Structure formats: C-alpha cells, structure tokens
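Could you slot chain B onto chain A? The hints should help.
Those protein sequences? They're chains A and B, same order as listed.
The numbering of the first sequence is the numbering used here, which starts it at 1 and goes up by one.
The numbering of the second sequence is the numbering used here, which starts it at 1 and goes up by one.
Hints are computed from structural coordinates only; laboratory data are not their basis.
Keep in mind it's a predicted model, so treat the numbers as computed, not measured.
Some hints here could point you the wrong way.
To be verified - Calculated lysine to aspartate or glutamate pairs in the EDC-like style (CA-CA distance at most 20 Å, straight line):
1) A:K183 with B:D51
2) A:K130 with B:E180
3) A:K199 with B:D51
4) B:K166 with A:D162
5) B:K141 with A:D162
6) A:K129 with B:E172
7) A:K191 with B:D168
8) B:K199 with A:D162
9) A:K140 with B:E172
10) A:K129 with B:D51
11) A:K141 with B:E172
12) A:K140 with B:E211
13) A:K183 with B:E104
Number of protein chains: 2
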Amino acid sequence: MISVVILGNGNVATHLYSAFSKALNINVTQINSRKLSTIPSSDVTIIAVSDDAIRQVSQEIGDRKGLIMHTSGAVDINAIAGKRKGVFYPLQSFTKNAIINFNEIPFCLETSHKDDFNLLENVAKSIGKKIYQIDSEQRKKLHVAAVFVNNFSNHMYTIANDICEKNDVPFEILYPLIEETAKKAQSISPKDAQTGPAKRNDVQTIQNHLEQLNLQQQKIYQLLTKSIQNSIE
Amino acid sequence: MISVVILGNGNVATHLYSAFSKALNINVTQINSRKLSTIPSSDVTIIAVSDDAIRQVSQEIGDRKGLIMHTSGAVDINAIAGKRKGVFYPLQSFTKNAIINFNEIPFCLETSHKDDFNLLENVAKSIGKKIYQIDSEQRKKLHVAAVFVNNFSNHMYTIANDICEKNDVPFEILYPLIEETAKKAQSISPKDAQTGPAKRNDVQTIQNHLEQLNLQQQKIYQLLTKSIQNSIE
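Chain A with its partners taken away, still in its complex shape (with noise of 0.2 Å):
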C-alpha cells in the first residue's frame, strides 16, 4: 500500500484524487492548499497546484518525509523545496467536469534520486498506462512542443471557424478533415503528410487565398507558408 496525499483542490488535483480513489494499492487523501496545517505522514506527496504557486507551498510544507513532487510540464524538479524530489506531469489538458481517462494519458515522470523512480512508476501504473522518463530540460521542451499542437492547432481551427461564420458556411464540414489530419500525424509522420499550396509552391493557388483574408490571416498565411516550404527544403 502506498500513501499519497494530493495539496490542491484545482482540476488537476481533483481528476487525480478521483483516480487513485479507485485503485486498490493506493491510500489517497486530499487537502485544500490553502489549509497546510495539518497533513498527514505519507510515502507520496503531490503538489497539484498552479505553476505560479508550486515554490510557496512547497516552502511552506518543508522537507516532509517521502516523495514530494509537483504535476507541472514548465517547472523545474529543483522547485521543490524538499530532498526527495520528483514530477509527475500527466500530459493532457484537464477540463472541469470532463471524464479523463487515464490509461490513454501520458505520465512524465523524474525524480531527483534514482532509487526513488520505481515508487514514482508503481504510483502512476496505478492509474495509468502510459510511462515516460522525462527529464527537466526534455519537460520544457514537450511543454512549448505542446503548445504548438494544442494551443496553436486549435487557433488554426478558430480562424477556419472565423473564415466559415463570415460567409454562411457551416464549419461543420470541415470536421471530417480535422479528424483525418489529426489522425494522418500519428500514422504517418505530419513531415510526410503535409500536402496543400505551400509545399506543392501552387502560387496562384497561394495569391487566390490571401486575397481572401484579414490582414491578420494573411500575415499568418504568409509566415507559414514559408515554414512549410523551408522545412521541406
């Protein structure tokens, strides 16, 4: 049986309290940041608070006994303030109320002392099945490399969704090929699927398009236009 106890009271913390909750090797208890006073012995401590808020609370905490580590994918191991320190960084972005279903997210794992990462792994096959040892600088870069395929992907849709609303078509019909293009990077890789205007250099196909855009749509149009053509260069 390992103990854990959960500091955190956001979506994070919740969905991962819910989880270890149900699994049988594992002794969960949840404490509300803002009440440290109080908190339990256990093997595991997890910080599963905002990035900005993750040195106090670990300050505040000490260097208790066992495993502390915090769930954030832009904050360094050396954050926590106590000896044993780890991460636990699922990949996902965690939505109130939403169903997560663990065993299809990823667990970054990494901890200070190499003896301490078989505790960190039996924890998180505890609820999931997807392990990677990451480390702090490799974190950093899946971070921003996250940020590219979530934030920046979903503004490319914002923008096509802008383009529809604007002339009375449905964006609906663009949804099978948001799937598929979602799809095509995972199974083959996204270099080898990129197809369109720009690696095929169709420039009056290119010239037709900005012709039909904002300043702003063009200006991101134009720049990515030329990524794509220098990254097939």
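Chain B alone, transformed into the frame defined by chain A:
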C-alpha cells in the same frame, strides 16, 4: 439509372470510380483524360483532373450533352465550358491506396442551372451522406479555411515533432493531446476550447517558451500568440 463518365486517372478520379461502381443506380465509366476522342454519352460528366487542367479538358470535350462538372475546391464553376455546369467537391485530402469512406466525406455541390441540383444531389447520395449546397464564392472561402485546419495544423505538428526529435523526446507522447484538441474543436467551438499561455497572457511562460525555440519557430510562436490574444479581446 444515372450514367456517369469520369475523366481522369488521379486519386480523386480513381476513388470516385471505385465508389460509383458499387452504387446500384449509377452506371459509371472512367476515361483517361489524355484519350478524350471517344467518350460515351452520359447524364453526368465529372472532370476529375488537376486544377490547372480543368479548363483545357472542359474545352476539349466541348458542350457535350448532360451535366458537366469538376471536383475542385479552388476553381470557379465557370471554368466549365459547357452550358449545364456543376461542381462536385468532396472535401477531403485523398491519399493513393488509402481506404476512403465516402459516407464520412462532405460533398459540396453547385449547379449553374437550378433544375440540375436534384440530379447532382442524387449522384452524390448514391455514394455519400453529407451533402451541402455551396456556391463558388463560399467554396473559395472553404478552400482557404481547409488550408488552415489541414495544412497549417499539420505544420504545427511538424514543428512539435522537430522539437521532440531534437531533444530525444518521443513524439508519440503528444498523440493523445493532438487527438483531444481535434475532438474538442468539434464538441465545443474552437474559440471556447482555446487554452494556454497566450490566452492567459502568461508573460513568463511565453518568455520561457521563446527561449527554447529557433528563430523561425519564435516568429510563428509570437505571431500566433498575438493573434490568439487579438481574437479574445
């Protein structure tokens, strides 16, 4: 029974021929667009050639009987030389040898004569389910919107892939996030689905991310961050 002649040997022509062959109410013939001397008469002629070749092929076959249409998202209906013009645009990227489920693919239809729309709709319904009436102006906008959701989203994946490869991080860690981002844009609007440091105006994280990127990637990161912030103002 509707008789259909498909002119062309590319991916679209071949996939359409294969689908129409299985339709009970369609009698289909496929003809190489370089051998246009003997084309049987038909109710419908589909010019399924590259965008640049549509005008020329259309002129070569002249004003033959029946409805004459092309399959392009980017070309105006008036590129067709005949009197009864149409557009039959299946909005999907067609890969050779890939299995195409036409039931999932939106057909964007247009006819120059109102009376012909019903015929075209019957042709589309013989192989598909998602039928939309889209005129040439709307189709132009849809075509550029498709570049954003397909070509540009895919380029976001390519950049993420490059970042991962350069830092020995398996790109597959990002697959579930790619998947979830695509799904969420369909279940809620992409504008509502937007998250991340740009949306939160998290200046410190944006700065940290920029430091991880090369010059080209930085330009894209900055422009898209600005565009996300403009779109939520």
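What hint numbers does the structure not satisfy? 1, 4 and 10
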